[in-house]
Amino acid sequence: MTADSNVPQAREVPTLPRPSLLLLSLLLLVYSLFGIAVYVITENHEPLDESEFWIITVFLFVVIILLTLFWSFITWGISKLARVATSFRLHLKYVCLIGIAWMMVDKGLEIAQFAIAPLGLPLILWSTLHLMAFFFAMVAQFAWATTMQLRQAVLISLSAVALVAGIWYTITFVQKRVHQSAPQMNLDLLSSQFLLVSPRSQQELREAARSLRVLVDEETPRSTE
Amino acid sequence: MNQRFPFVLGSLASFLLFWFGAEAIARPRKEPPPTTVISATSLFERFRSAVVKVSLIDKATGEQEAVGTGFFVSSEGQLITNYHVVAEYLHRPERYRLRIQRGEDRDEEARVQGFDLANDLALLRTSLSPSIVLQLHPGEVQKGTRVYSLGHPLDLGSSIIEGTYNGIAEREYPERIHFSGPINSGMSGGPTLLTDGSVVGVNVSTYGNEVGLLVPVRFAEQLLKSLPAVSEAKATDSTWTEQITRQLLAYQDDLVAKLMSTDHTIITKEGYRVPGGVEGLGECWSDFSEDETHSDSELSCSAGEEVFVNDELSTGSIGWTHTFSKSERLNVFQFYALLREHVDLAESTYGGSRRDFGSYRCVDTIVSLQGLPFKVWQCLRAYRRLSGLYDGHLVLVSLNEPRSALHTWLSLTGVTFANYEKVTERFLSAFGKVEEKGP
Numbered sequence: 001m002t003a004d005s006n007v008p009q010a011r012e013v014p015t016l017p018r019p020s021l022l023l024l025s026l027l028l029l030v031y032s033l034f035g036i037a038v039y040v041i042t043e044n045h046e047p048l049d050e051s052e053f054w055i056i057t058v059f060l061f062v063v064i065i066l067l068t069l070f071w072s073f074i075t076w077g078i079s080k081l082a083r084v085a086t087s088f089r090l091h092l093k094y095v096c097l098i099g100i101a102w103m104m105v106d107k108g109l110e111i112a113q114f115a116i117a118p119l120g121l122p123l124i125l126w127s128t129l130h131l132m133a134f135f136f137a138m139v140a141q142f143a144w145a146t147t148m149q150l151r152q153a154v155l156i157s158l159s160a161v162a163l164v165a166g167i168w169y170t171i172t173f174v175q176k177r178v179h180q181s182a183p184q185m186n187l188d189l190l191s192s193q194f195l196l197v198s199p200r201s202q203q204e205l206r207e208a209a210r211s212l213r214v215l216v217d218e219e220t221p222r223s224t225e
Numbered sequence: 001m002n003q004r005f006p007f008v009l010g011s012l013a014s015f016l017l018f019w020f021g022a023e024a025i026a027r028p029r030k031e032p033p034p035t036t037v038i039s040a041t042s043l044f045e046r047f048r049s050a051v052v053k054v055s056l057i058d059k060a061t062g063e064q065e066a067v068g069t070g071f072f073v074s075s076e077g078q079l080i081t082n083y084h085v086v087a088e089y090l091h092r093p094e095r096y097r098l099r100i101q102r103g104e105d106r107d108e109e110a111r112v113q114g115f116d117l118a119n120d121l122a123l124l125r126t127s128l129s130p131s132i133v134l135q136l137h138p139g140e141v142q143k144g145t146r147v148y149s150l151g152h153p154l155d156l157g158s159s160i161i162e163g164t165y166n167g168i169a170e171r172e173y174p175e176r177i178h179f180s181g182p183i184n185s186g187m188s189g190g191p192t193l194l195t196d197g198s199v200v201g202v203n204v205s206t207y208g209n210e211v212g213l214l215v216p217v218r219f220a221e222q223l224l225k226s227l228p229a230v231s232e233a234k235a236t237d238s239t240w241t242e243q244i245t246r247q248l249l250a251y252q253d254d255l256v257a258k259l260m261s262t263d264h265t266i267i268t269k270e271g272y273r274v275p276g277g278v279e280g281l282g283e284c285w286s287d288f289s290e291d292e293t294h295s296d297s298e299l300s301c302s303a304g305e306e307v308f309v310n311d312e313l314s315t316g317s318i319g320w321t322h323t324f325s326k327s328e329r330l331n332v333f334q335f336y337a338l339l340r341e342h343v344d345l346a347e348s349t350y351g352g353s354r355r356d357f358g359s360y361r362c363v364d365t366i367v368s369l370q371g372l373p374f375k376v377w378q379c380l381r382a383y384r385r386l387s388g389l390y391d392g393h394l395v396l397v398s399l400n401e402p403r404s405a406l407h408t409w410l411s412l413t414g415v416t417f418a419n420y421e422k423v424t425e426r427f428l429s430a431f432g433k434v435e436e437k438g439p
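Order-wise, the sequence lines are chains A and B.
Take the first sequence: its letter number 46 is residue 46 in my numbering, and every next letter is one higher.
Take the second sequence: its letter number 175 is residue 175 in my numbering, and every next letter is one higher.
Among the hints, a few may not be true.
[As the list claims (entries may be wrong)] Reference listing, derived: stretches of chain A covered by chain B, where coverage requires no fewer than 3 residues with Cβ under 8 Å from a Cβ of chain B: (1) 63-75; (2) 200-209; (3) 212-222.
[Stated by the list, open to error] Which chain B residues stay away from chain A? Per the calculated CB distances, all over 12 Å, these: (4) Gly-114; (5) Ser-129; (6) Gly-157; (7) Thr-164; (8) Pro-174; (9) Asp-254; (10) Gly-276; (11) Ser-286; (12) Glu-298; (13) Ile-366.
[Unchecked claim] What follows is a list of derived Cβ distance ranges for each label pair: (14) Arg-354(B) - Leu-150(A): 46 to 54 Å; (15) Ser-353(B) - Phe-70(A): 38 to 46 Å; (16) Gly-166(A) - Asp-254(B): 46 to 54 Å; (17) Pro-402(B) - Phe-34(A): 21 to 29 Å.
Note that these hints are calculated values from the structure, not bench results.
Predicted model only: the values in this text are computed from it and were never measured.
Ideal placement from N, C-alpha and C gives every residue a C-beta, glycine not left out.
Given these sequences and hints, build the entire structure.
Pasting the structure below:
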């Protein structure tokens, strides 16, 4: 081994175009419009009058911008902590890009269910794919927007995914405590409709009810007061 | 949609009673009742002393919180009233006491000797020695017979209300007499008399517009026979809870047995076959609504009325709703967003004190019912104090069409798990697809 081979090679940092304010604004606008379009197409079932349309549009626009700024700030903070050179504007740009990509992946997966439904892929697969898409988006962002090495980016992204999952779990847990008596239902109907390969029998439904009873009995202390 | 708006007479408003000065009709009766009393005036004067005001008194303030009516049925001071008049006393005896007032006599304390939850009756015992007790009418009464209801409507003083006996109300479960007359809050537990002074029913509730309901007097007779004449033993709170549980179990066992022995009407609509109403146990109502985006055609059915346990808990009902939703304008995403709202079990639908209930738990699965795919949710919660009882909900959404769907709710409250299984199984077996006939 030569002396030269022991010298660590400096990572070649890709030359990134300096994002202009105009480009950032355009990206944010595209991101917001895409979010609004997705909402109108998939969620809202009532016809909107003009004032409702503008209220929802402005609301979503503000929400998306705030979320983008917030997430950019978080990732910028992480890269600062990791001591990798970066700028907030660069993060903002990549968060916008990742945001657009994320929405497309998210809705693309939903639409893809129609196409490959006959394969009978289980519902859990979609959740896994969503999580993986989020993870890769994070990796891409850190790898591109900073001078991180890929391994660093993967580790930090894993931490970020764990953080998000933890926050999500905490919120859900608190909600369950607050609304303790309310039933928690999985309302995903769309996935159900297109994953109909092996519907259960009534016998299995009965067994599910019996398991439910055991659970409910275990969780409910009887009172004699 | 059900168009009735029952108003239970014994709510927290005022209830009263009334007294009638007349000769005693002791039980066992020593003298035969008069065969005919012609006018309301003479009926009132004759029997007023047999009717008393029952007040729920807050021990802390000494003031009344609710008022009802009662009437003497034995010379040992036993009174019949509604269960709902005394329910809060039973549940919080440390906070309330029962006060009996009769004319100018001094107030007396009363205790609960027993009750019939399903028929909303309670038997009280007092230390009073009534000069007159009312006789319970043993036989049939013809529809159209003139009858008189006694009580203290809205705590405005003793009153006699003239009305018409209209037989057993159709589609009411438990059984109720249809009384046409303006009975009001405060008359709960009061007697409705024939012109000879014998009791045909006990005032219990009203739908307004002079449509009142009475508990048939034979249930009061049964309650009297089921209990010792006068019991000195003081029932403990846990004894009452046990009795309430036992009676609720018996009520829903009876209801479910009747439900299982009677076929559902089968409804065919929008290509689906679904279970409809059950003859003699309840009723169904249809409703149709339409807007720019979709239409909903709804069928709501029930079997049995809720049983009032206390101000926080009414239970023992079985009901189901089928909604046929269709849209030409919504895309599949929007249509399922709409369906999600329909099937989401909002917290408001499933209220109740945490003292009474555990938390709901749900499971969902996709099930084939007679070849028709459905997403089915089952949600269950257990009662904490009424051991062995559950609230269960079954929600179904058909998955065979992208922009039209049948969604159904079946709700059972205060049932045993065995009965939940029986009812849901039979209910599900009635679903199916109606084959489209060719031209």
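Hints, one by one, checked against the model:
1. 63-75: violated (count 0)
2. 200-209: holds (count 8)
3. 212-222: Contact hint for the stretch 212-222 of chain A vs chain B: holds, 9 residues under 8 Å.
4. Gly-114: Holds, because the least Cβ-Cβ distance between Gly-114(B) and chain A comes to about 21 Å, which exceeds 12 Å.
5. Ser-129: 37 Å, holds
6. Gly-157: 39 Å, holds
7. Thr-164: 44 Å, holds
8. Pro-174: Per Cβ check, Pro-174(B) is outside 12 Å of chain A; nearest 28 Å; holds.
9. Asp-254: 22 Å, holds
10. Gly-276: 20 Å, holds
11. Ser-286: 24 Å, holds
12. Glu-298: Given that every Cβ of chain A is farther than 12 Å from that of Glu-298(B), nearest at about 18 Å, it holds.
13. Ile-366: Its Cβ does come within 12 Å of chain A, the nearest being 5 Å, so this is violated.
14. Arg-354(B) - Leu-150(A): 46 to 54 Å: 51 Å, holds
15. Ser-353(B) - Phe-70(A): 38 to 46 Å: Cβ of Ser-353(B) to Cβ of Phe-70(A): about 40 Å, so the range 38 to 46 Å holds.
16. Gly-166(A) - Asp-254(B): 46 to 54 Å: 52 Å, holds
17. Pro-402(B) - Phe-34(A): 21 to 29 Å: 25 Å, holds
Of the numbered hints listed earlier, those contradicted by the structure are 1 and 13.
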